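Asker: Below are the chains, spelled out letter by letter.
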Amino acid sequence: MKLVIGIVRPEKANDVLEALYRADVRGVSLGPVQGHGGELDRVETYRGTTVKIGLADKVRFEIAVSDPFVQPTIDALCEGARTGEVGDGKIFVIPLERAVRIRTGETDHGAVTPVGA
Amino acid sequence: MDGVILAQASEVNTGDTAWMLVATALVLLMTPALGLFYAGLVRAKNALNTFMMCIAAIAIAGVMWALVGYSLAFDGTGDLIGGFGHVGLQDVTFEPRDGTTIPHLLFMAFQGTFCIITVALISGAVVERMRFGAWMVFAALWSVLVYAVLAHWAFGGGWLIEGGTLDFAGGVPVEMGSGFSALAAALVIGARKDYGRQALLPHNAIYALVGAGLLWFGWFGFNGGSGFSTGNAGVLAFTNTLLTPACSLVAWFLLDLLRGRRVTAIGAATAIIVGCVLITPAGGFVSPGWAMALGFAGALPAYAVIVLRPRTRVDETLDVLAAHGIAGFTGILFIGFFAQQNWNGVSDGLVYGNAAQLGDQALAALAAPVYAFVVTYVLLRVIGLVMPLRVTEHEEALGMDTVQHGEEAYPTGEGAILVMPEAGIEAEVPIRT
Numbered sequence: 000m001k002l003v004i005g006i007v008r009p010e011k012a013n014d015v016l017e018a019l020y021r022a023d024v025r026g027v028s029l030g031p032v033q034g035h036g037g038e039l040d041r042v043e044t045y046r047g048t049t050v051k052i053g054l055a056d057k058v059r060f061e062i063a064v065s066d067p068f069v070q071p072t073i074d075a076l077c078e079g080a081r082t083g084e085v086g087d088g089k090i091f092v093i094p095l096e097r098a099v100r101i102r103t104g105e106t107d108h109g110a111v112t113p114v115g116a
Numbered sequence: 000m001d002g003v004i005l006a007q008a009s010e011v012n013t014g015d016t017a018w019m020l021v022a023t024a025l026v027l028l029m030t031p032a033l034g035l036f037y038a039g040l041v042r043a044k045n046a047l048n049t050f051m052m053c054i055a056a057i058a059i060a061g062v063m064w065a066l067v068g069y070s071l072a073f074d075g076t077g078d079l080i081g082g083f084g085h086v087g088l089q090d091v092t093f094e095p096r097d098g099t100t101i102p103h104l105l106f107m108a109f110q111g112t113f114c115i116i117t118v119a120l121i122s123g124a125v126v127e128r129m130r131f132g133a134w135m136v137f138a139a140l141w142s143v144l145v146y147a148v149l150a151h152w153a154f155g156g157g158w159l160i161e162g163g164t165l166d167f168a169g170g171v172p173v174e175m176g177s178g179f180s181a182l183a184a185a186l187v188i189g190a191r192k193d194y195g196r197q198a199l200l201p202h203n204a205i206y207a208l209v210g211a212g213l214l215w216f217g218w219f220g221f222n223g224g225s226g227f228s229t230g231n232a233g234v235l236a237f238t239n240t241l242l243t244p245a246c247s248l249v250a251w252f253l254l255d256l257l258r259g260r261r262v263t264a265i266g267a268a269t270a271i272i273v274g275c276v277l278i279t280p281a282g283g284f285v286s287p288g289w290a291m292a293l294g295f296a297g298a299l300p301a302y303a304v305i306v307l308r309p310r311t312r313v314d315e316t317l318d319v320l321a322a323h324g325i326a327g328f329t330g331i332l333f334i335g336f337f338a339q340q341n342w343n344g345v346s347d348g349l350v351y352g353n354a355a356q357l358g359d360q361a362l363a364a365l366a367a368p369v370y371a372f373v374v375t376y377v378l379l380r381v382i383g384l385v386m387p388l389r390v391t392e393h394e395e396a397l398g399m400d401t402v403q404h405g406e407e408a409y410p411t412g413e414g415a416i417l418v419m420p421e422a423g424i425e426a427e428v429p430i431r432t
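Chains as they are written, first to last, in numbering that gives the first Met the number 0: chain A, 0 to 116; chain B, 0 to 432.
Worth flagging that the hints you see were computed from the coordinates, not collected in a lab. Owing to the predicted nature of the structure, the values given are computational and were not obtained by experimental measurement. The reader is advised that the hints may include incorrect statements.
What the hints assert, rightly or not - Computed, partial: chain A to chain B, Cβ under 10 Å:
1. Asn13
2. Arg25
3. Gly34
4. His35
5. Asp40
6. Val42
7. Ala55
Glycine included, C-beta positions come from ideal geometry on N, C-alpha and C.
Generate coordinates for the entire structure from the input sequences, incorporating the hints supplied.
Answerer: This is the structure we're talking about:
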């Protein structure tokens, strides 16, 4: 059981969701984050004020999966998020100690397997 | 006797002039209001660019109008186009414009604000993907090749007005002109890359409502000013501009309830605009009672097109065709049935025994859409040969605001590092095609 964290471009988030759906990965959390990962700064000008935007908007996926689903999840994230330009993002895989489904009290494998899957 | 009437007609009336000064400012307000309405309807990453397309219309169409557009539209009574006598505002002075009691200069300014809003309306068809530069080139050429020509036909002494077509405030040049040009523009530019794949939702319904409200406010100058005086026709059109959109709102509420069991806010904003468009051509020609009937009945075809259009592949993004083209078409035809001479002093419609009026209206309802569609289609194809019309897919994904303007509608300031002026701006925007 692993927690897969994927940080991707916001404009690719929808493609990632589609790819995950096709890979039968159905339980995801995501949210907006800002970060810096080596991409060039974007320059913006507001009247006389010119700024470099050092932090880029990203979307962070958090996906808890059982072991057989780790590789398909990583593949889906790569497939959906890649453009080939600097700034496509990162994937981190972290061992997951416990998972509990609040509604039923199911733990671990049962908790990370979506209902009906 | 003739001499006396001429002498009276050629005098500037201060009351009329005061109203038309205000009306001109009201109509100009409609373009930023449209920008707000459109900006609310697009995604946050494209909000500024969408607004800026309307601001660009003020800039480009305003200049083109003064240079050539006004002359082509309002100099002389040629069948198809006016003359070049007023190019560069030559001979446009404080003397009253023929047939009105307001200074020629003010007449030109009032008509200029119509040209501006019409150009801005078309942007609704191509937002979120059309390059800003290509849009400005299009705006310059369209304002002359399409708007000025249609305005001449309907207002300036061209074949439609001479033939008896009634168009009070611009059903032909403004509403059908923009609506059917929008359809052509959407076909040439093509759909947004995510159209039909992802839900592309309005990012701020409040903007849409505020924008629609300000448009309605401005529309009192648009319709109420199109009598060029404080006389009966202007007063009738002004009052109908209150009544028709109110009825369209009620009709829209009912249609929303029938279709989805809820009254929607974006629907209400749309209904206000549809109502204002419906009464634009008919404002000074139909009774208040018929104006209300027009608001109710005319909402239906516009609503139908708005429901059906997203089921097609045509990404006419903000439904300019439905709200302006179809509603303008409906309003123009409505005059042919329900115009009433004892209200307008000009002509009756079919219902009051003058079937010929319906024929004149039908002619305009056919000619204007065909001209607008064909010329816009060809014009954009030609511009497309010289420069790319839309941004790349990658840029479209990033959003038009940062790509086209280097600004965001909602900058957080987080992670923004001040570039000191003396250091120079060495970094370039890291966008590759």
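Asker: Which of the numbered hints above does this structure break?
Answerer: 2
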